[in-house]
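Please work from the sequences and hints to get the whole structure.
Just so you know, we're using the numbering used here here: the sequence shown kicks off at 143 and counts up by one.
Using 20 Å as the maximum straight-line C-alpha spacing, the simulated PhoX-like pairs for lysine-lysine come out as follows:
no., residue 1, residue 2
1, Lys237, Lys290
2, Lys323, Lys231
3, Lys327, Lys296
4, Lys369, Lys449
5, Lys327, Lys472
Now the in silico label distances, taken between C-beta atoms and shown as ranges:
no., residue 1, residue 2, range
6, Ala483, Val558, 48 to 54 Å
7, Ser300, Ile258, 27 to 33 Å
8, Lys399, Glu427, 19 to 25 Å
9, Asn301, Ala551, 49 to 55 Å
Simulated from the structure, these hints should not be mistaken for laboratory data.
A virtual CB, placed ideally from N, CA and C, is assigned to each residue, including glycine.
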Amino acid sequence: MASLSTAAAAAAAATRFLPSASTSAARLSYRPSVSLGSLRSSPLLSRIFLPQSTARRLSTGRIGYSTAPPPKCAASDPDQLKSAREDIKELLKTKFCHPILVRLGWHDAGTYNKNIEEWPQRGGANGSLRFEIELKHGANAGLVNALKLLQPIKDKYSNVTYADLFQLASATAIEEAGGPKIPMKYGRVDVSGPEQCPEEGRLPDAGPPSPASHLRDVFYRMGLNDKEIVALSGAHTLGRSRPDRSGWGKPETKYTKDGPGAPGGQSWTAQWLKFDNSYFKDIKERRDEDLLVLPTDAVLFEDPSFKEYSEKYAADQDAFFKDYAEAHAKLSNLGAKFDPAEGFSLDDSPAKGQPEKFVAAKYSTGKRELSDAMKQKIRAEYEGFGGSPDKPLQSNYFLNIMIVVAVLALVSSLIVN
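Laid out in structure tokens, this is it:
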């Protein structure tokens, strides 16, 4: 704690920056108990005694003197996203569209090129798949149906971006099918027009001449590794391949002829609306001709590096779920531009109307417990200058108070004399 002489010296120096006594008298008066709120009318005092970031906010006039922190802008509204998630859950219950929603999110994000820095040229999760030019890419055949399913939800929640909606739908579909909880974040910014769509050819092919090399070329370009390639491939435990869309699979099998949803196609697993590790088990055994195995599936047990993870996931569903959740979250963020820059989580954000818990220790470096009155006073003063319970006080907070009181006492004395 600074000595009284230090405070007095600082006060004397500060008077050189103050208006004359005649002009100050109308604005400043001495009171035994001084509130920091009274300093808001004096930008000069704010500039001298407050942290620079706070002083700039108070003096520019661009931010008002609200007692609450300024609101954060975001590409998507968190409350609307939460409501959209509930609507997606209802959609899944009636349309059984889990696989195509997963594919939609993947194909919007999967165009990312880590070697291109500029947004949106780098591709990725930016909502570009809503435009017809990209929907017509060969790898996106049939995804117009996913867009049609989600469009009413987008129309209902106008403050949700397409980029966030696609990834929300994909993660929700995995979770509702019995898969792991995906650690998602939101706030993705949408591209504005079809001219910002990526060129065709960035997504994987089902039957390339060299499957292992092809998978690595595509996924390494996204910044993903062998473990993530195998884990993400496990999402084929959901869904069917339709020959009229992809050119692969049978028109129908004993597992798909009766739906649910539109009948037909060939699935990778018998229970193709249940997310588990059966994809790896079925590919390894290859005993059922009614189950689909593409060249890019078979190579997961042929390539030595891929096989290591495939064997692990076939034997340990918990390990698969853990690695899958991490890989899915990473994929969903590829190439995205977030607003706010750090993104936000729907599960961590406090509920509306629930104030953050006040922790007095974050407001004082002393060991003595503060009184309830003092806690409330410190909180009110601190929040008045943009602070909050999750931001520690500046180390000179209480010193500033003492100096300000000394300055006001000196100014009052000069006025009286």
